[in-house]
Amino acid sequence: MNPFRDGFDWAQRSIRRIRLETADAPPSGLMLPLILVALVMASALYAIAIKHESRRMTGEMERARVEREKLQMEWSQLQLEEAALAHHARIESAARDQLGMSEPREYVILQQAAASRVP
Amino acid sequence: MSRRGKNTQIKAQPVPAWRRRMVVAVLGISAVLVAGRAFHLQVIDRDFLTREGAKRQVRTVTLPGHRAAIRDRRGEPLALSAPVDSLWCVPTELLGAPEHLAALAKVLKQSPRKLTGFLRERGKRQFVYLERGMSPDEARRALAIKAPGVFSIREYRRYYPAGEVAGQLVGFTDVDGKGQEGMELAHDSSLRGIAGSRHVIRDARGRIVEDTEEAVPSQPGQDLNLSIDLRLQYLAYRELKNTVSRHRAKGGLVVVADARTGELLAIASQPGFNPNNVSDRRPGRMRNRPIVDSFEPGSAVKPLLVAQAVETGAYGLQSLIDTGDGWMQVGRLTVQDIHAQGKTDLRMILAKSSNVGAAKIGLHMGAESVWQGYQRFGLGERVNTGFPGESSPLMRHFTKWGEIATATASYGYGLSLNGLHLVRAYAGLANDGLMPELRLLAKQPIGLGRQAVSAKTARVVRQMLESVAEEGGTGTQAAIPGYRVAGKTGTVRKVAVTGGYDAKRHQSVFVGMVPADNPRLVGLVMVDEPTVGGYYGGVVAAPIFSAVMQGALRLLQIAPDDCGVDCAQPSTLPQIAMPAGMRADMEPRS
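Taken in sequence, the protein lines are chains A and B.
Count the first sequence with this note's numbering and you get residues 1 to 119, in order.
Count the second sequence with this note's numbering and you get residues 1001 to 1590, in order.
There may be inaccurate statements among the hints.
Claimed, not checked - Facing chain A, a subset of chain B residues (Cβ under 7 Å, in silico):
hint: 1; residue: 1075
hint: 2; residue: 1080
hint: 3; residue: 1083
hint: 4; residue: 1159
hint: 5; residue: 1204
hint: 6; residue: 1206
hint: 7; residue: 1208
hint: 8; residue: 1209
hint: 9; residue: 1213
hint: 10; residue: 1234
Calculated from the structure, these hints are not laboratory results.
Computed from a prediction, not measured in an experiment: that's the story for all the values here.
Cβ coordinates follow ideal geometry from the N, Cα and C atoms, glycine included.
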């Protein structure tokens, strides 16, 4: 009914059984330490694998970090470059001197009807 | 064993008990020794060994916290930090490799002989900068030579892409990246990044193999968005600079503000400086005049006086004031007009900027009422923009005003303000009496402002101010085709060194708003001591106002309100085909 209660009962039963087995049948009692040894070995190997993986990932993160730093550097330089190229004084001199443009000072304002408006 | 058995032919005897005990004892002692040693290492020496191990493997890496950028309201950068590399060397090592030195000199664009001399002079030192603040690419090329004893370190330099255009406002930092002036100083703590650190384990090849837990993340600073629009700022800067040099003036200022929100869209000040250039940072040039400098406002306060007169009901639109033949005696003071006006109304007093008229209004209303009128428009309070060094206004209490002080105060002498006070007061007139708080930062919550005068009064005064820029007014050059301009000129005599007022040194002022019907922008222009080509506010300052505001109206796509017969009533969603149509919305780009 209650899964927790069931699990608890099962655990209690198993412990009792193992106790009985070890007490009654010494040869089969050897099984448990062997299993435990195998588990210890497996977990040790697994720990090594995990450690290795973690180091590999640390290295990867480090590379990513350096990459990010590099990209940030590039980004700020590009922003500066853009700002320098788009400086109003530069644009203005290019427009006035090279392209011969001038600001509209005198102009006539026409009002379009709402229907004929071009989006 | 068997051989011994063969040779001696002795029958195996039982092992004596002492041998067994001996073996057990030796083994026991060894076991104790091993256990003892292990205990010593694991328990007693543990801290020391851990420390020593950490010394060899664990390294602290600092994580730089970058200083944030300052941007304008549309996201254009005004101040940015970018990495630079500084090249340093150990002179003795580098001098030992002449062929490398020659190659390095080429990259550094120096003659090898000069570089050798430079290093010989500093031969005893262990650390000499070869060049500071190189671009990372250049530094990489210099390092590629692999000259012995040459290294680089990463540093950050502050760049100001707008340069002189917004120099005084943005300010600058010192070599260590600490704010020294302007907004860099005012918001230093939020702009500054906090460096973090992490402890890492390095392997024999110097690679980071593990992060330990004690890491402090770095905190980059927070970007600052100013309320400034760089396009308008450039326009204001350009027009002001041209005018200052054309009139050989000592300096000047231009302020443009959004009349409704109180956001300052442009603050230009001359003389200027380029913050990228350290040698350009001279005190007189770094002053942000509209905020830091105080001056007597002169005629520019007359509309505020008239607003008070209308608000209190002392005068109405129809009231006539006798200005006589242009002069008036108040105690020892002689008030003078340039042209005699005779009997005239409030509108003409403003249009012609009559001192006699203003003095008469002031004297009739009394010191308290005049003072109160100025207080309404915040002339007695700080503007509180948060800009470092903002000047406080100076206005004595009306109880200390005599008749002369009341008369002079009526036309703007005897009190001192900074430029922003005028802008704020005129924003009050522009915004139907609701005077907004001036702000330097975008995204700042809009303050509640204050109702300076009633909406009706503000509209009446605004209509009067339109005649200033119309035919017959003092500020006709402030007119903008297609728009109705409301404004006021001012020509202020400066206080002479000897006391009294100097007849030759003036400040030319124009302050106004557009479009007059429903103002969106308020602008202030002040030119300090023009020496060539006139000194009247209507001649020197008004043309800048016109040029800057016309550009601003176009860039911000504010609809014209005075198109003569061509355009219909402005109530039907005005869609205006602008020449050189630029898509210019107020939204940030990104």
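Now for the hints, and whether the structure bears them out:
{"no.": "1", "hint": "1075", "verdict": "violated, 10 Å"}
{"no.": "2", "hint": "1080", "verdict": "holds, 6 Å"}
{"no.": "3", "hint": "1083", "verdict": "holds, 5 Å"}
{"no.": "4", "hint": "1159", "verdict": "holds, 5 Å"}
{"no.": "5", "hint": "1204", "verdict": "violated, 13 Å"}
{"no.": "6", "hint": "1206", "verdict": "violated, 11 Å"}
{"no.": "7", "hint": "1208", "verdict": "holds, 5 Å"}
{"no.": "8", "hint": "1209", "verdict": "holds, 5 Å"}
{"no.": "9", "hint": "1213", "verdict": "violated, 13 Å"}
{"no.": "10", "hint": "1234", "verdict": "holds, 4 Å"}
In the structure shown, a violation is registered for the earlier hints numbered 1, 5, 6, 9, in ascending order.
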